[in-house]
Amino acid sequence: MKLNILLIVLFIVQATHGQIPNKYICNKMNSAINIDGNLDESSWKIAEWSNDFVDILGEGVEKPKFKTKIKMLWDDNYLYIAAVLEEKDIWATLKNRDDIIYRDNDFEVFIDQDGDGKKYYEVEVNALNTIMDLFMNKPYHLGGRSDLTMDIEDMKTAVKINGTLNNPVDIDTSWVVEMAIPFYKIYENRENKVKPGINDFWRINFSRVEWDTKLEQGKYVKLDKPEYNWVWSPQYIIDMHRPEKWGYVYFIDKTRAKQDKSFWIWLNLKDDFSDDNIDKALAKIYGTGIRNIMVNTSTDKLKKVVAQAKKYDINVYAWFITMNRRDLANKHPDWLSVNRENKSLKEKKAYVNYYKFLCPAIPEVRNALKKKIEELCRIPGLKGIHLDYIRYVDAILPVGLWSKYDIVQDKVYPQFDYGYHPYMRQKYKNKTGVDPLHTMNPTLDSSWSQFRLNQVTEFIFQIDSLTQAYDKLLTAAVFPTPEMSREMVYQDWGKWPLDLAFPMLYHNFYNEDIDWIGQMVNEDVKTSFPSTKIIAGIFAPDLKTPGEITKAVKVSLQNGASGVSIFGLNPLEDDSRWEELKMVIISN
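Under the numbering used here, the first residue of the sequence shown carries the number 1104, and numbering increases by one thereafter.
Derived from the structure by calculation, the hints contain no laboratory data.
List of simulated lysine to aspartate or glutamate pairs, EDC-like, C-alpha gap at most 20 Å:
#: 1; residue 1: K1172; residue 2: D1155
#: 2; residue 1: K1126; residue 2: D1677
#: 3; residue 1: K1407; residue 2: D1382
#: 4; residue 1: K1298; residue 2: D1178
#: 5; residue 1: K1172; residue 2: E1151
#: 6; residue 1: K1406; residue 2: D1374
#: 7; residue 1: K1298; residue 2: E1256
It should be emphasised that the depicted structure is a prediction, and the values quoted were computed from it without experimental measurement.
Hey, can you work out the whole structure from these sequences and the hints?
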């Protein structure tokens, strides 16, 4: 399902007030279940129980006097629900289908399978296993009406009484509800959908109505007072018909044979980042389910990170800033890249002051960078090298950044067209007899364009040989697709022998929505180097709304990504997105 705009807005409001809906991971079952109320099958034994139910209004209200909990499973045909309701005096009176069951003590299920906050189902059952089921076209407060003529055909239910029913003489323990709700009925009138997909989620909530009673002539009689409403996920209002407040149930399959999906995070650690903070960051990352980190820091601190990461079984990669090197530029300003106006970055900045791109064709540049990479490769336990800024200055910025720099880049303009270092020009002239700076329109010369691309590609193959010699993996952060990279930053990564490519799919930079991420992944899988796996890079600062990180991860994996990497999420900050990330990682 997809979150619509209204639900996203409502989720933001809930989050702002600490009203985060509960979540449940619903695993696909591994053995058959008989609906009899016993819960003795192996599948039920490994399914996790939910938290105990709370008052419908949430915190600050008296806790329920009896505990209630649920667990769920699914297969290709049914959603299975089990509930245990503690009760000292179990009673029920209503016996006819579609009686108003909440007039007895009951257990209730609410299902909104597409999360639109409108069309949804409700099922109620009492201790006699009498059912009321209905369909709502929208909530009551929006003018909705209940349809009690709708029956969920093929639904199976059972109730087991741990004690006696309607017998005030003894003290009972609990009653158990077990049910199987058929998917075909829930997905009725929805084209091409007959069951949830892996990693789909539904909005669901559970309620328990409990009445205070007294005994009159040996029978239970309700007191003239309001009922209790105890729920799985708090509604914060006495109204179950607010679907936007229901919990999230994720459908997963831990038993299926599937590709290993890896999760990563970029970490930029300053020199004053303490050993204690390193451990705290690693603990947070590990607890979230991430097992791979790319760290940009000094060599000495990187060694400490690698050593401390061992106890968490986290793989550490050296995040290596490649062509954009202030340190080397300060020592060798003559290595700085030159644009088509024949202006070096020493003379004129490109976009920002920290852009200190070096010419990739100069042998001394390559040797200096390889020396630094080799030093990193010697770190014991380091898993691999992660290259960043392995490109030229942006010839064309992502369209979403144009306004930031007050520019329009409808073509490649000379001041942003880099790669004209004298060494590079001479190297090309030696090969072709042509100085590219003196041609009519160099950007239209395919030979010159390919030559510039090849300078970086040649260097990549040299680095690949180096990392292979030290048995290190080679990865790189790249622009969204090989085609876009060639045009925007003269980066031909579709031809690079990377173990893993991390396309930076920062959708807001391109004025695109989250679905665009999946489209880019799909193209990358088809056009990258044959042995290269795609790890989708997503930009956390632009994924602030609850549900957006989940969706970004989901569309990435659905379109063929072998994993997802997060940029811009601080492990030392108390950010609710860490919990969301944890849930989506668990479901994969």
